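Participant: For reference, the chains in residue letters:
Number of protein chains: 2
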Amino acid sequence: MKRNLLLTPGPTQIPADVCAALGRPIIHHRTPQFQENLKEGIAGMQYVLQTKNDVYFLASSGTGGMEAAVVNLLSPHDKAITVEGGKFGERWTELCQAYGIEAQVLEVAWGHAVQPRQIKQRLDADKDIKAVFVTHCETSTGVTTDIQAIAEVVRKTDAVLVVDAISSLGVIDLKMDAWGVDVVVGASHKGFMLPPGLAMVAVNEKALRLVERSKSPRFYFDFRASKKAAAKNDTPFTPAIGIIVALGESLKIFRKQGLEAVFERCERLAKGTRVAAAALGLELYPDKSCLSNVVTAVKLPANIDGTKLVKIMRDTHGISIAGGQGELKGKIIRIAHMGCLTEEDIITGFTYLEIVLKELGHAFPAGAGVSAAKKTFEELPVAR
Amino acid sequence: MKRNLLLTPGPTQIPADVCAALGRPIIHHRTPQFQENLKEGIAGMQYVLQTKNDVYFLASSGTGGMEAAVVNLLSPHDKAITVEGGKFGERWTELCQAYGIEAQVLEVAWGHAVQPRQIKQRLDADKDIKAVFVTHCETSTGVTTDIQAIAEVVRKTDAVLVVDAISSLGVIDLKMDAWGVDVVVGASHKGFMLPPGLAMVAVNEKALRLVERSKSPRFYFDFRASKKAAAKNDTPFTPAIGIIVALGESLKIFRKQGLEAVFERCERLAKGTRVAAAALGLELYPDKSCLSNVVTAVKLPANIDGTKLVKIMRDTHGISIAGGQGELKGKIIRIAHMGCLTEEDIITGFTYLEIVLKELGHAFPAGAGVSAAKKTFEELPVAR
Chain A
20 MKRNLLLTPG PTQIPADVCA ALGRPIIHHR TPQFQENLKE GIAGMQYVLQ TKNDVYFLAS
80 SGTGGMEAAV VNLLSPHDKA ITVEGGKFGE RWTELCQAYG IEAQVLEVAW GHAVQPRQIK
140 QRLDADKDIK AVFVTHCETS TGVTTDIQAI AEVVRKTDAV LVVDAISSLG VIDLKMDAWG
200 VDVVVGASHK GFMLPPGLAM VAVNEKALRL VERSKSPRFY FDFRASKKAA AKNDTPFTPA
260 IGIIVALGES LKIFRKQGLE AVFERCERLA KGTRVAAAAL GLELYPDKSC LSNVVTAVKL
320 PANIDGTKLV KIMRDTHGIS IAGGQGELKG KIIRIAHMGC LTEEDIITGF TYLEIVLKEL
380 GHAFPAGAGV SAAKKTFEEL PVAR
Chain B
20 MKRNLLLTPG PTQIPADVCA ALGRPIIHHR TPQFQENLKE GIAGMQYVLQ TKNDVYFLAS
80 SGTGGMEAAV VNLLSPHDKA ITVEGGKFGE RWTELCQAYG IEAQVLEVAW GHAVQPRQIK
140 QRLDADKDIK AVFVTHCETS TGVTTDIQAI AEVVRKTDAV LVVDAISSLG VIDLKMDAWG
200 VDVVVGASHK GFMLPPGLAM VAVNEKALRL VERSKSPRFY FDFRASKKAA AKNDTPFTPA
260 IGIIVALGES LKIFRKQGLE AVFERCERLA KGTRVAAAAL GLELYPDKSC LSNVVTAVKL
320 PANIDGTKLV KIMRDTHGIS IAGGQGELKG KIIRIAHMGC LTEEDIITGF TYLEIVLKEL
380 GHAFPAGAGV SAAKKTFEEL PVAR
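Chains A and B, in that order, are what the protein sequence lines are.
For the first sequence, this note's numbering gives the first residue as 20, with consecutive numbering after it.
For the second sequence, this note's numbering gives the first residue as 20, with consecutive numbering after it.
Among the hints, a few may not be true.
Copies of one chain are not kept apart here, so a pair can be met inside one copy or by any two copies together.
[To be verified] Restricting the straight-line Cα-Cα distance to at most 30 angstroms, the calculated cross-link-like pairs of lysine-lysine (DSBU-like) are:
1. K330 x K58
2. K330 x K246
3. K251 x K330
4. K149 x K246
5. K251 x K350
6. K251 x K327
7. K348 x K307
8. K234 x K98
9. K246 x K327
10. K247 x K348
For the record, the hints were derived by calculation from the structure and aren't laboratory data.
Values in this document were obtained by computation on a predicted structure and should not be read as measured data.
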């Protein structure tokens, strides 16, 4: 079997214990046994999100969770701010438009993060705005947005703050209750090291009041049904049993290592990746004020075809990294730091990235990337 | 590890090869490797459905597929017939109502199947009806509806016929093209022996014309996006990678045994179950004109508490059978014939069903159910 190292920002590598859980005989969902899995899963999500709020599981990928947030909170003609600084920010706008919600787009230059004062200005100028949709880590550009500072602004208004934390959850910190975030959307195939097919949405009291009032049509994603079922430790429709059972194994890893240690580990990988890229003469794509510990986006020299690079890395060397999306196609590569990736994985990635970059005509001191990453990993204090 | 025999109508037992595929390291979805899985999965679904139509995969459970059919075909205020003869027929009505579609409910007594002439009368009386929503096997009552005869009626009109084949697909015959069915909705966790979390919807040309015209709001379930992505051998959003990969293993079983042999095997199990129930002095719930080879619903004597019976079977003996839903709660039990269940599984089921029935006070000749099932299995010709 050929190597298949996933340095992609989702799906990510699945640890052996989680793979084993996925391969176990299935159990029925209307049983005390599965109810236990569901309870553990919800409690684990609350642990990672540092919240006491309801968490609903949806059998869908992350976009289903985003759609659920939109239709449960807002009615047609309601006004919302959508922050667009990349492909996933654009998805909030598309979702609002699909449901007849007036999306007031706050455009941010790709590679930059929205500033809290920009959101404050918009909210001050129009008291009718009911929701602010932002992206915690914009995976397409490798930008992390300061959710804590934005929550500080939004919590003083009647609007709710809805955060797409699909790629960031379990990778970087998001203190839902302490920061006052109203809705958080996550998914299984990023920091939680599971296959795609499970979305999770955490909803606070302020948001639940909107859920009761929303007139948007909905059925499969209706949080009113989720809430009712949750009270009986159930889901309204057949849940993603396999993934929820395996989530239990994934959460054991989080509990054992501790949240802080998990975040620190991802940060180490990000730091090593950044210095390795610099040592190869490559610039980071995002502005240095908003670098992400979830995924690092690296600019390629003009003479390097990113699509070709990604293809050779995968087909010849068995290492999946992500290329650019939309306007960044062929121009950047993206290396993830989430889940169970290790320092060795990053070093392996750069070992072959050096080989392919050289082959494609980029000049740099041989071994510079690998050495820089190694040195960084040696010097950084190890997480407790 | 305690026995966990699932005689429930979904989720069903997962064969060892399929479990193994579910437990393999994950692959990325934007790769030639996964595109191959997707192509095989679609081709396999077309084989089972005996169709050349488009098949779209959705990362959702079956209800998501039903919602997708409703919102992609109809606009608010459109008229549709929904056939209600059990819990899943009611779901079509609820879905239409959630999206402002005028559901003209055709109520059928539980345990009976709708008659094609009833649908013809409704369609003749109102030429504005755009869709007819029916359930192939109504899992809540164990009734199979004659889809071929209904298609014969609907295909002569402008309306489309939409079939919930979630529990029947790969268990009993459904010749989409030969019968002229316009839309079929299936799911992974029934006849396909997979975990829940993948829905599949097959759509013909007549239905695709409605998809272009539908004004219902939709995004995650939008078939226009599915169609566009399918042309590039892709899905619009992150697919249920793990289940689609494992579907390949499941389809190998179908291809190896042949469709007819699979249907015959399920029929044998159904026949054995029926005679075993009779030998225990238990009546079947559905009318004998519409018995199902997917799941058998058996009436319980008035002195037997069905909820308790199901609980003892599961908690003491490790055998999951289904109880009644809605108005049938506690009054019936349901035993499935789908997927990889064997004659031995049915015999094991009845062995313990006899023990529990006796314990709960039901009188019958000891061993009668098991003997009757065995005799039937011995006498029935074996599938080629």
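Participant: Between copies, within a copy, both or neither: which fits K251 and K350 at Cα up to 30 angstroms?
Facilitator: Answer is between; shortest inter-copy Cα gap is 22 angstroms, intra-copy 50 angstroms.
Participant: How do K330 and K246 come out at 30 angstroms by Cα distance, when the copy is not named: within, between, both, or neither?
Facilitator: between (45 angstroms within a copy, 26 angstroms between copies)
Participant: Go through the copies and call it for K234 and K98: within, between, both or neither, with a Cα cutoff of 30 angstroms.
Facilitator: Intra 14 angstroms, inter 21 angstroms, cutoff 30 angstroms: intra and inter.
Participant: Is it within, between, both, or neither for K251 and K330, if the alpha carbons may be no more than 30 angstroms apart?
Facilitator: Intra 48 angstroms, inter 17 angstroms, cutoff 30 angstroms: inter-copy only.
Participant: How would you classify K149 and K246 at a CA-CA limit of 30 angstroms: within, between, both, or neither?
Facilitator: This pair counts as within: shortest intra-copy Cα distance 22 angstroms, inter-copy 34 angstroms.
Participant: Which holds for K251 with K327 at a C-alpha limit of 30 angstroms: within a copy, between copies, both or neither?
Facilitator: Between copies, since 19 angstroms is at most 30 angstroms while 52 angstroms is not.
Participant: At most 30 angstroms between alpha carbons: which applies to K246 and K327, within, between, both or neither?
Facilitator: Answer is between: at 27 angstroms across copies they meet the 30 angstroms cutoff, but 47 angstroms inside does not.
Participant: Tell me, please, which holds for K247 and K348 at an alpha-carbon limit of 30 angstroms: within, between, both or neither?
Facilitator: Cα proximity of K247 and K348: across copies only (19 angstroms, versus 44 angstroms in one copy).
Participant: Which holds for K348 with K307 at a C-alpha limit of 30 angstroms: within a copy, between copies, both or neither?
Facilitator: Close inside one copy (21 angstroms), not across copies (61 angstroms); limit 30 angstroms.
Participant: Please sort K330 with K58 into within, between, both or neither, judging by C-alpha distance up to 30 angstroms.
Facilitator: Between. Shortest inter-copy distance 20 angstroms satisfies the 30 angstroms Cα cut-off; intra-copy 42 angstroms does not.
Hint compliance for this structure: no hint is broken.
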